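Protein chains: 2
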Amino acid sequence: METLSENRCFGGTQGVYRHRSDACACDMTFGLFLPAEAADGPVPVLWFLSGLTCTHENAMTKAGAQAWAADQGIALVFPDTSPRGDDVPDDEAYDLGQGAGFYIDATQAPWDEHFKMWTYVADELPGLIAQAFPLDMDRQGVTGHSMGGHGALTMAMALPGRFRSVSAFAPICHPTASDWGRKQFAAYWGDETGWGPHDATLLMQESGFDGPMLIDTGTDDQFADLLGTEHLAQAMAARRQEGQIRLQKGYDHSYFFIASFIEDHIAFHAEALYA
Amino acid sequence: METLSENRCFGGTQGVYRHRSDACACDMTFGLFLPAEAADGPVPVLWFLSGLTCTHENAMTKAGAQAWAADQGIALVFPDTSPRGDDVPDDEAYDLGQGAGFYIDATQAPWDEHFKMWTYVADELPGLIAQAFPLDMDRQGVTGHSMGGHGALTMAMALPGRFRSVSAFAPICHPTASDWGRKQFAAYWGDETGWGPHDATLLMQESGFDGPMLIDTGTDDQFADLLGTEHLAQAMAARRQEGQIRLQKGYDHSYFFIASFIEDHIAFHAEALYA
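Read top to bottom, the protein sequences are chains H and S.
166 is the number that UniProt numbering gives to position 166 of the first sequence; each next residue is one higher, with no gaps.
45 is the number that UniProt numbering gives to position 45 of the second sequence; each next residue is one higher, with no gaps.
Quick caveat, the hints were computed from the structure, so don't treat them as lab data.
Keep in mind the model is a prediction, meaning the values are calculated, not measured.
Every residue gets a Cβ at the ideal spot worked out from N, C-alpha and C, and that includes glycine.
Just to be clear, a hint being listed does not mean it is correct.
Using C-beta positions, here's what the derived DEER-type ranges look like [claimed, not checked]:
id, chain 1, residue 1, chain 2, residue 2, range
1, S, K249, H, D225, 44 to 52 Å
2, S, D225, H, P134, 55 to 63 Å
3, H, D22, S, L247, 41 to 49 Å
4, H, D22, S, D22, 17 to 25 Å
Reference listing, derived: stretches of chain S covered by chain H, where coverage requires no fewer than 3 residues with Cβ under 8 Å from a Cβ of chain H [said to hold, decoys possible]:
id, stretch
5, 6–14
6, 145–155
Residues from chain H that keep clear of chain S, each with C-beta distances beyond 12 Å, as calculated [what the hints assert, rightly or not]:
id, residue
7, T3
8, A65
9, A70
10, G85
11, F133
12, G208
13, G218
14, A233
15, R239
16, S254
17, A270
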């Protein structure tokens, strides 16, 4: 693993690292914020899964998350959103191929050689950072934005016991019924076999999440129709899932929205991680 | 003036606007954050002048300033750092031409037609925003980063009575004795006439600032030699200027450094602006 940069940040360190990924068969880059407390021993971990077009860098530089993670003594992991490189397939559309991994494992050519973001984020990267950094992998939470909110919700529900808390900003809630989902699932998987375990609304109907859940979405989100928040809200209420969906008046899909509520989300995860 | 974007942010609005600039003879773009309080009447103003290579966008998206400006009910202005456009002269170097206006008015060709950033930031833009937005121009503070720290310090001292408080992150403190300064002043001005009023250390020796001053610079700043912090520190102490220079252990020149201390700076300005 190679260190690309390390910057002092809120008394801790914001690092960027590159490593060879077996899952994605290419080099992958991620960001990791370690609070000052990591110098004394393992700290809890909050994953931030990013949205379409993002790399590891967007949330790391624009969400303002480190201020609050430093306050709470929590590490932040910022994975990339897809495999990358000249020999990795891509598509002209912003929502397919590089930058649009959708946190699933592709089975269809040309995507199946590299697009294994589920395995990468669920298995490979946790194993790597657990070995390399002072992280308490028994205390993990997960959050994300848009496509990354979909990733956070599906991982939290499909991997019971892995995460103590899950939150999301403007998540794609019901991808099997959205153009943000059907298009990519069809391309990466070919048919509808196995779509269910990667749809937050269907997972909520099926099993829910054993812990608290916090979702924020703006009332002025320009992608409201693609997010399908109403489907997850219905399913959460029907299951009586512990948690809340907040519709934030006037906010849109941007990082200004994320930054405005990241303090709440990190405090929410801290309460679960330190319980 | 054209609205390029407006996003809800910490209960207020982060806008981006474009207008024709007479000073720079081109279109100019700036960011303006208005806190919720602006709906009820004029609010104090804090200017953030950015560094080399930056546009209006860097500090607006990476400094994390809106969180604290919203807390304090203060507006933030993020000007661009130079004129822009295909018909605006440029240079291959990152530190000359577009993105490197240095907050001075050029007199030498080919720069003299557009590079009037002193007039733009000191006169034209304040007049424009005072008319267009609910801003209390009797309560202004100024801060900046690197080249923008130079801009903030020189404007604060060269325009007595304009600003109630001045701060800076890793400012260029003594440009007439630095390669970040001599190169640009020579290109834009040709000879050394008039350099003095645009050098913070010389202005401090000459007159100082009638108000509090806060400067943060990292002990691991990779550009320490170019900043010349020691010269301004000496001049401040010799003058007994009200203020402080803090050397922050382990921090470098990045936005992670700015984000780590922006809360302090905005609280510092708020104290002066609400005094």
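Verification of the hints:
1. Our hint of 44 to 52 Å for S:K249 and H:D225 holds, since their Cβ atoms are close to 50 Å apart.
2. Range check, S:D225 to H:P134: about 34 Å between beta-carbon atoms, so the 55 to 63 Å window is missed.
3. As the Cβ distance of H:D22 to S:L247 is approximately 44 Å, the hint placing it in 41 to 49 Å holds.
4. In this structure, H:D22 and S:D22 break the distance hint of 17 to 25 Å, their C-beta atoms being roughly 59 Å apart.
5. Using a Cβ-Cβ cut-off of 8 Å, 6 residues of the stretch 6–14 of chain S lie near chain H, which meets the minimum of three, so the contact claim holds.
6. Only when three residues or more bring their CB closer than 8 Å to a CB of chain H does the claim for the stretch 145–155 of chain S stand; here the count is 0, and the claim is violated.
7. Against chain S, the non-interface label of H:T3 holds: every CB pair exceeds 12 Å, the least being about 14 Å.
8. A beta-carbon of chain S comes within 12 Å of the beta-carbon of H:A65; the shortest separation is about 9 Å.
9. With a least CB separation of 8 Å from chain S, H:A70 falls inside the 12 Å interface cut-off, contrary to its annotation.
10. With a cut of 12 Å on Cβ distances, H:G85 stays outside the contact zone with chain S, its closest approach being about 26 Å.
11. Even its closest Cβ contact with chain S, about 18 Å, leaves H:F133 beyond 12 Å, as expected for a residue assigned away from the interface.
12. Every CB of chain S is more than 12 Å from the CB of H:G208 (nearest about 31 Å), matching its label as outside the interface.
13. The beta carbon of H:G218 is not kept farther than 12 Å from every beta carbon of chain S, the shortest such distance being approximately 7 Å.
14. Once the 12 Å rule is applied to beta carbons, H:A233 is consistent with being away from chain S; the minimum gap is 21 Å.
15. With a cut of 12 Å on Cβ distances, H:R239 stays outside the contact zone with chain S, its closest approach being about 31 Å.
16. At roughly 5 Å, the least C-beta separation between H:S254 and chain S is not larger than 12 Å, which violates its mark as non-interface.
17. Even its closest Cβ contact with chain S, about 17 Å, leaves H:A270 beyond 12 Å, as expected for a residue assigned away from the interface.
Against the hints set out earlier in the document, violations occur for numbers 2, 4, 6, 8, 9, 13, 16.
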